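One letter stands for each residue in the lines below.
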Amino acid sequence: MTPQDITKLIVRVSVKDRAAFDLLYRQTNAKLFGVCLRVLNDRAEAEEALQEVFVKIWTKADRFAVSELSPISWLVAIARNHAIDRIRARRRPAADIDAAADVADPAPGPEAMAVAGGESEQIDRCLDELEQDRAAAVRGAYLMGESYADLAERHGVPLNTMRTWLRRSLMKLRECLER
Amino acid sequence: MSAVDENGPEHGGDDAVAAEYVLGVLPAEERAAAARRVETDPAFARLVERWEADLSPLASGYAEVEAPAAVKAALDRRLFSNAGAADVAPASSGLLSSLTFWRGLAIAALAALALVVALPLLNPPASLPEARLVASLAPQDSDVHYMVVYDARTHDVGLSHVTGERTDGRDFELWVIDGQQAPLSLGVIPAGASVHLAVDDALRRHIASGAVFAISLEPAGGSPTGQPTGPVVAAGDLKTI
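Chains H and P, in that order, are what the protein sequence lines are.
Read left to right, the first sequence gives residues 0 to 178 (numbering that gives the first Met the number 0).
Read left to right, the second sequence gives residues 0 to 240 (numbering that gives the first Met the number 0).
So that you can see chain P by itself, here it is in the shape it has in the complex:
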């Protein structure tokens, strides 16, 4: 029996493959092929999602088992270990092979790049240095990359487009996330290599070092709900320069 016969309509076709994929019974290669189809074939992805929803009540059969605290600690190291640039300070023979060092260096390089790329945005050049924040909005499962400079004196967000295009008929919307609060919209990002957004009074106090800027893909004209509705395509922390 060939794969074609097995997947023919008399055996359920795509819907059967979707069910087998969700159930998890496929051998490794067929499973990987189905996973790729989910990414590239929206009709197949919908079949998968429907099975996922239909079978989801079976998950009540999974017992809840609290994971050991060490797991969260290891997870945090894995995701956030580049948070402390201070880790770089105690230089040792292992420095050049240290992941922390290279991550620190990457951040420094990004900040420098942000400055270079964003220099044309910085006018007038006489603004107070401490009133300026930069962020590299790095791609998140996309190729969208922007550099951002916020000038607290002129209440201006300057965006420098590095890579990534809008998909047709949709807009990029910029958000600021201040601590644990819900994202606040700074508006739809105009098309162009170097663009500006004005920040109104209410939003100013949320833009500070440590806050996060994120870009989501939204319907034309921006999110209809006031909260991000599409995928986040780029994000980054604001840093003082």
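Isolated chain H, as found in the complex:
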């Protein structure tokens, strides 16, 4: 399915076309479930979250028309935001942090690299300009939805230090992305 096909499906969903919704679900549930699983690190909760994500897609699809994101990025943003809202809202057992850290894998697999293609080069190039541990913190936060508290714990630094550190990295990234 091309991005254009996904765009058409989202537009049809925005006018409550259920067949389009079913097809959109078939085409994208695996990616969005992958997002929920990685962030929530709990299968039952990820299944619940995925349902809620698609309820949002059904009710808010019209908003895609005013977004400049690619269709799949728009869908992933909904799933990531929702999954992150869920972990911020729950009291997270300490074991989960360790488990999440264990599966941390800053490097995308070869298949993912191929899919991302040229578009990923700029962000990768800019992350490469950061110190290695800071680039890893940005990637880890993005993929796993880690909070400042999680990151501070994992990197063994005070929370405020972590925040200053990551903000500087983000501003460096912004500078690089604008070059």
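Among the hints, a few may not be true.
[Claimed, not checked] Below, simulated DSBU-like cross-link-like pairs (lysine-lysine); rule was C-alpha separation at most 35 angstroms, straight line: (1) K59/H <-> K238/P; (2) K30/H <-> K7/H; (3) K71/P <-> K171/H; (4) K55/H <-> K238/P; (5) K59/H <-> K30/H; (6) K171/H <-> K55/H; (7) K59/H <-> K71/P; (8) K238/P <-> K171/H; (9) K55/H <-> K30/H; (10) K171/H <-> K59/H; (11) K71/P <-> K7/H; (12) K7/H <-> K238/P; (13) K59/H <-> K7/H; (14) K7/H <-> K55/H; (15) K30/H <-> K171/H; (16) K71/P <-> K238/P.
I should point out that these hints are in silico values taken from the structure, not numbers from a laboratory.
Since we're looking at a predicted model, the values are computed, not measured.
Got chain H sorted already, so can you dock chain P onto it with the hints?
Relative to the frame of chain H, chain P by itself:
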């Protein structure tokens, strides 16, 4: 260090908050505050969207995992369980606490309301009952609500404005969606409490029970592309009355 200091320009200001929000690192309260700003502050929303786009290639790091079939089944129940009014039939002691029952009742009430509100639209009153369809175009993330009656004999769509105003300089456009086909425009809805749109020959066959009417917010004069370009503000299924 106060929140003000942290968010000052020397630390990146709004752009840094936007980045932190997209990355997801903010604690719950700050995250909720940023989410509210996205809704109310267009400049901040643009910063968020730019970070979302810039960081989106990182999403290639998410593995694809097909969700179990039960998830889609549960999702369909959640979204569409009010589809079968027949569910109401097997009355039981639990009837009054049944969500399906109340949804069914809500639909019945809406259909009745549609009739009452739309009665002034029904002229001449002698039109064939089976040639009439109604829809309650319920608000979708908006307060826009219209009742619609389609008279197949006179090829007339009557719209009764219930609530919701156009934002300045923009128009409401009415669409019909027939099954899996792309939305077809029925035209810009004239301002007024009770208005009519004529339906041309080509569009008539797409207007039937089960089709969906939707209203989108468009530039003045209607969508420039022939497809909805703005948000859908109201939508509903056509039902025979």
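Right, here's what the structure says about each hint:
1. K59/H <-> K238/P: Status holds; Cα separation ~24 angstroms.
2. K30/H <-> K7/H: Since the Cα atoms of K30/H and K7/H sit roughly 18 angstroms apart, the hinted pair holds (cutoff 35 angstroms).
3. K71/P <-> K171/H: 42 angstroms, violated
4. K55/H <-> K238/P: Distance of about 25 angstroms is within 35 angstroms: holds.
5. K59/H <-> K30/H: 19 angstroms, holds
6. K171/H <-> K55/H: Measuring from Cα to Cα gives roughly 33 angstroms; hence the hint holds.
7. K59/H <-> K71/P: 18 angstroms, holds
8. K238/P <-> K171/H: Judged against 35 angstroms, a Cα distance of about 57 angstroms means the pair is violated.
9. K55/H <-> K30/H: 16 angstroms, holds
10. K171/H <-> K59/H: 33 angstroms, holds
11. K71/P <-> K7/H: This hinted pair holds, its Cα atoms lying about 21 angstroms apart.
12. K7/H <-> K238/P: Holds. K7/H to K238/P sits at ~26 angstroms (cutoff 35 angstroms).
13. K59/H <-> K7/H: 15 angstroms, holds
14. K7/H <-> K55/H: 17 angstroms, holds
15. K30/H <-> K171/H: Judged against 35 angstroms, a Cα distance of about 29 angstroms means the pair holds.
16. K71/P <-> K238/P: 26 angstroms, holds
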